[in-house]
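Asker: One line per chain: the protein sequences are A and B, in this order. Residue 1 is where the first sequence starts when you use our numbering, and the numbers rise one by one after that. Residue 1 is where the second sequence starts when you use our numbering, and the numbers rise one by one after that.
One should not assume that every hint holds.
DSS-like mimics (lysine-lysine), calculated; alpha carbons at most 25 Å apart, straight line [as the list claims (entries may be wrong)]: (1) B:Lys-38 to B:Lys-4; (2) A:Lys-308 to A:Lys-485; (3) B:Lys-134 to A:Lys-485; (4) A:Lys-425 to A:Lys-141; (5) B:Lys-99 to B:Lys-38; (6) B:Lys-181 to B:Lys-140; (7) A:Lys-308 to B:Lys-134; (8) B:Lys-104 to B:Lys-228; (9) B:Lys-99 to B:Lys-228; (10) B:Lys-228 to B:Lys-134; (11) A:Lys-485 to B:Lys-99; (12) A:Lys-425 to A:Lys-228; (13) B:Lys-140 to B:Lys-228; (14) B:Lys-128 to A:Lys-308; (15) A:Lys-141 to A:Lys-228; (16) A:Lys-485 to B:Lys-128; (17) B:Lys-128 to B:Lys-140; (18) B:Lys-128 to B:Lys-99; (19) B:Lys-128 to B:Lys-228; (20) A:Lys-425 to B:Lys-104; (21) B:Lys-228 to A:Lys-308.
Keep in mind the hints are simulated off the structure, nothing from the lab.
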Amino acid sequence: MATVPVDLSVVDECRALAGRVADDVQRYIDRHTTVGVERTVARAYGVIGADPEGAPLPNALVDRLQAAGALSRGVSWHLGRALLDGASSVQDAAEAIAYGGGSIDVAGGPSAAQARAALEGHTRAAIDRIDRARADREAFKARHEVGEAPLKYVIVATGNIYDDAVQAKAARFTGADIVAVIRATAQSLLDYVPEGATTEGYGGTYATQENFRIIRRAADEVSQETGKYLAQTNYSSGLCMAEIAWMAAVERLDMLLNDAMYGILFRDINMCRTFVDQYFSRRIVARAGIVINTGEDNYLTTSDAVEKAHTVLASQFINEAFAKRAGLREEQMGLGHAFEIDPWLEDSFLLELAQAQLVRQIFDRHPIKWMPPTKFKTGDILHSHVHDAMFNLAGITTHQSIELLGMFSEAIQTPLLMDRYLSLKSARYVFGTARHLGDEIQWKPGGIVERRAREVLASAHEQLAEVERVGIWDAIATGAFADVKRARTGGKGFAGVVERHAEYLNPLLEILEAGR
Amino acid sequence: MATKNVLRAYGDREGDGMVQMSFTLEILPGDRAREAAKRFAEAHGLREPIVSAMEQCSAQHSYFVVYGHSVHSVDLAEIHVEELAAKPLDRDEILALAKQLGRKIVVVGACTGSDAHTVGIDAILNYKGFAGEKGLESYKCFDAHNLGAQVENVELVTRARALGADAILVSQVITQRNCHKENAAALVALLRQEGLRDRFLLLLGGPRIDHQLAVELGFDAGFGTGTKPSAVAGYVVERVLDRAARSA
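For reference, chain A alone in the conformation it holds in the complex (with noise of 0.2 Å):
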């Protein structure tokens, strides 16, 4: 068996540090909420609806409350509130408060319990529909051949919810095991969650509700069709990731882009908001038994993929520990990197393979999620065949478990019908022709494989015990990850967090900490 020697004490040691660096965010995080993190209970208690210029209920309500400065309560409290006033539905409530005439003054309202009591069946219902939802996935997955690691995963991006349907069906029919409906470009810039289906976007196709359940729709049709399951992924990143998070967990996603730190570094969204939402994303992604996907990959679009692979490595420690205190299980963590060295470098297939195995070995239970090169990829479309079966042969040598396959016409277009038909017949082949490489061989001692995978490690621990002493905020804003530097208050959306109120009420929540 091709492993590389991992030094465990210093994995624990990664962890360890990984684990302060959390809980000094997770401290933060225990006292503030953020107008995303509201929404999304308002929206789990059935707030629905939206304005005739398309501003979504949960939207008005949530900024009619910050607007007044009444939203450190939780938008429990005022629903709550409005029930024992007498409000015949949580529905009829929200849209008194959002529209005006629903009283928003906390002077003289009831205590946190009281409000907590009124909403209890309400309380329950949320819950039990997440439940439903994962209970009706997991039956209707097992009624069906399900594929084996690396799972092949492709994306669909026409813009048009329809055509993304058809393509998702052609791609399971030639052999992908999950379909990613990629998103408008932009969207995690969004502070709401557009509403029905859509039909135009750029790079992509709006993540909504009713997009959700058409993909499922078509995904279920061509499970049956084929007896395979076709399992189905989104973002859940952006200014709108618990939302997100509750709508694919409602809609039985199988799996979410989610990161703690994504939104962060690519979006310039604020680190206080990112950090509170990614928690009420994992708490809710953790109860639907999704699996998310971290984006560690894309740290090497813009950092060196030689010198910077150990920021990966340190990244995805991070990533654990941040969905360890939001009780995900490591099963959940499809933590993820990618096959972005340099082609044209000597021997980056060893270094690459080096990455790949050490990843393997130190998160041994987690659903490793593999990237194809991207940055390095040209319009020399057959050339880049060539380059993604290199990755292929990566991936299977090394046991990753979620692969996404690259695209020949990566730096030309979105895939077409024909580009995913060949990607997944390449994947296809090399899976099977070097299906227990891995197990066949070992790696020299002392070779450039071994002394790669030390030297990640070892650098990879250097960089955690810096962004421990001097606190992730910090690290964050002199450039520790991908380049990229953030200031604490800097970065869209820092206006929508909300110090918590000693009477905060999110009876949600609790039940989703319970345990912890």
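Given the coordinates of chain A, assemble chain B onto it according to the supplied hints.
Answerer: Below, chain B without anything else, positioned relative to chain A:
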């Protein structure tokens, strides 16, 4: 060797016109499908098409690879395109040239609109560079500012003015439904409206950009796939010197 004026695709012999094409059609594999693929290729000007692959690639689609002799040719005498990279300057030449100006050249770059893909602008501007060449940040003669992704045109212009930019570099990677053209044209319109168009050298880059398209959109120059930082650096230095000479 004399330059030929009329060009045909060269496969194995002079003038054979050999090309391959691949596509999908909504039909399942079979004799009719093969004939359909042949006729499709013939309609594109391929003579004696050979369907070398025909495979089912969804419940209702087939994937085809076809080889054939293209009947088409191009006449170079009819092509009028400015050769931007006619005499590429190397780093030392660029630095020597820039010295004549006696100050740094301020360059501001961004991915504009909703585009979140900084790979192009990073390759040209950042120290790290691309394809073994360091970016404009690494040149002493430039004061380069990379504003990153999803920068609105208004913000770009505001920053360019505040920094006293000589040149603005715009990168557009996402091209779905021609949003790259709309975004780029909107920047030119904004600059014209504010009477600032002539103040900046305006460059457009991206995988679907070429010089002709950029000029049509109102830019000074366009740079496509594979452009190296030195190509952009050389162009900017030469043009900024030109402008300085004209205004002197």
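Asker: State for each hint whether it applies.
Answerer: Hint check results:
{"no.": "1", "hint": "B:Lys-38 to B:Lys-4", "in the structure": "31 Å, violated"}
{"no.": "2", "hint": "A:Lys-308 to A:Lys-485", "in the structure": "15 Å, holds"}
{"no.": "3", "hint": "B:Lys-134 to A:Lys-485", "in the structure": "21 Å, holds"}
{"no.": "4", "hint": "A:Lys-425 to A:Lys-141", "in the structure": "24 Å, holds"}
{"no.": "5", "hint": "B:Lys-99 to B:Lys-38", "in the structure": "60 Å, violated"}
{"no.": "6", "hint": "B:Lys-181 to B:Lys-140", "in the structure": "33 Å, violated"}
{"no.": "7", "hint": "A:Lys-308 to B:Lys-134", "in the structure": "18 Å, holds"}
{"no.": "8", "hint": "B:Lys-104 to B:Lys-228", "in the structure": "21 Å, holds"}
{"no.": "9", "hint": "B:Lys-99 to B:Lys-228", "in the structure": "22 Å, holds"}
{"no.": "10", "hint": "B:Lys-228 to B:Lys-134", "in the structure": "9 Å, holds"}
{"no.": "11", "hint": "A:Lys-485 to B:Lys-99", "in the structure": "33 Å, violated"}
{"no.": "12", "hint": "A:Lys-425 to A:Lys-228", "in the structure": "17 Å, holds"}
{"no.": "13", "hint": "B:Lys-140 to B:Lys-228", "in the structure": "17 Å, holds"}
{"no.": "14", "hint": "B:Lys-128 to A:Lys-308", "in the structure": "13 Å, holds"}
{"no.": "15", "hint": "A:Lys-141 to A:Lys-228", "in the structure": "9 Å, holds"}
{"no.": "16", "hint": "A:Lys-485 to B:Lys-128", "in the structure": "16 Å, holds"}
{"no.": "17", "hint": "B:Lys-128 to B:Lys-140", "in the structure": "15 Å, holds"}
{"no.": "18", "hint": "B:Lys-128 to B:Lys-99", "in the structure": "23 Å, holds"}
{"no.": "19", "hint": "B:Lys-128 to B:Lys-228", "in the structure": "12 Å, holds"}
{"no.": "20", "hint": "A:Lys-425 to B:Lys-104", "in the structure": "53 Å, violated"}
{"no.": "21", "hint": "B:Lys-228 to A:Lys-308", "in the structure": "23 Å, holds"}
The structure is inconsistent with the numbered hints 1, 5, 6, 11, 20, although it conforms to all the rest.
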